[in-house]
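Just so we're aligned: 583 in the numbering used here is position 132 of the sequence shown, and the numbers increase by one with no gaps anywhere.
If you are wondering where the hints come from, they were derived from the structure by calculation, not from laboratory data.
Glycine included, every Cβ here is placed at the ideal spot set by N, Cα and C.
Honestly, I wouldn't trust all of these hints.
Label-pair restraints from in silico Cβ distances [what the hints assert, rightly or not]:
no.	residue 1	residue 2	range
1	D460	G603	15 to 23 angstroms
2	K515	K602	18 to 26 angstroms
3	K498	L664	41 to 49 angstroms
4	I482	A595	27 to 35 angstroms
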Amino acid sequence: MNSNLVSVDWLNDHINDPNLVLFDATINKVIDVNSTRIPNARFFDIKKKFSDVSAPFPSTLPSKEQFQTETQLLGVNSNSFIVVYDDKGIYSSARVWWLFKVFGFKNCAVLDGGLPEWQLQDFEVKNYNKETYSKGNFKAEFNANLMTNFKGVNRFCNDANTLVVDARSEDRFLCKVDEPKEGLRRGTIPNSKNLPYTVLFNGYKMKSKDQLLPIFNTLVENKEKIVFSCGSGITACILALGATLCNYNNLVVYDGSWTEYGSLTN
């Protein structure tokens with residue numbers, strides 16, 4: 452299987468495949484016996500297990516060693532096929548999909564529509580219980596070209612061949628409303644353009660490639676590289692997913708996004 456997006460019908464048909472690893476990547480989820488999940492789902496804890504918790508900004512990229520250790524503990528093997536979902540439709544699941552690309556794992560897909568679409572189709576849900584998994588053998592390899600930092604984005608936003616795209620809402624991009632993070636100033640990265648991530652959806656699901664192509668083609672024009680930013684590096688990955696579905700290459704996510712940029716600039 453080589454796909455970046457799979458349907459709930461596909462997952463329902465393949466949910467017991469031996470090489471399938473299914474992740475629930477819902478952010479800020481408290482897992483207890485009453486928590487709902489798709490059968491066989493394993494909880495992928497972005498905030499505590501798959502971020503650098505010592506970093507000054509939220510959801511910062513973990514080290515290669517941390518990512519490898521935590522994914523092995525969740526039973527990821529080099530020949531696994533990973534499907535990841537969240538409880539909003541497509542939100543934090545795209546971040547996990549991008550993390551696997553960053554660390555050299557190509558066989559990962561986002562569940563189109565996530566848990567809401569799964570439940571809309573009346574497919575089975577279960578509650579969580581404590582589980583352990585056989586340790587996986589996945590070996591991480593860091594691809595530095597897929598992520599950038601404050602220094603890198605300053606270079607990119609002044610490069611005529613690169614487009615910086617901001618996934619925040621139009622009101623945030625135009626500085627009409629305060630940032631949700633307390634104390635963070637309003638603003639935008641110089642020379643960036645706005646594409647709110649919600650524009651890519653029909654309901655909970657991603658728009659078709661035919662619907663996405665004119666959105667990206669109009670924005671990108673003849674740029675050679677696209678750098679995606681947002682509030683804290685989560686929804687930027689939704690834009691990266693949409694661009695990937697449209698066969699764009701040379702895609703980069705700004706890990707710290709506006710939380711970092713707005714904090715380090717006046």
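### Range agreement (Cβ of A595 with Cβ of I482, hint 27 to 35 angstroms)
Distance hint for I482, A595 holds at roughly 32 angstroms.
### Task
Could you tell me whether the CB distance from K515 to K602 stays inside 18 to 26 angstroms?
Because 20 angstroms falls inside the window, the suggested range holds.
#### Entry: G603 and D460 - C-beta distance against the hinted 15 to 23 angstroms
violated (40 angstroms)
### Message
Please check whether K498 and L664 have a Cβ separation lying inside 41 to 49 angstroms.
### Response
violated (34 angstroms)
The earlier numbered hints that this structure contradicts are 1, 3.
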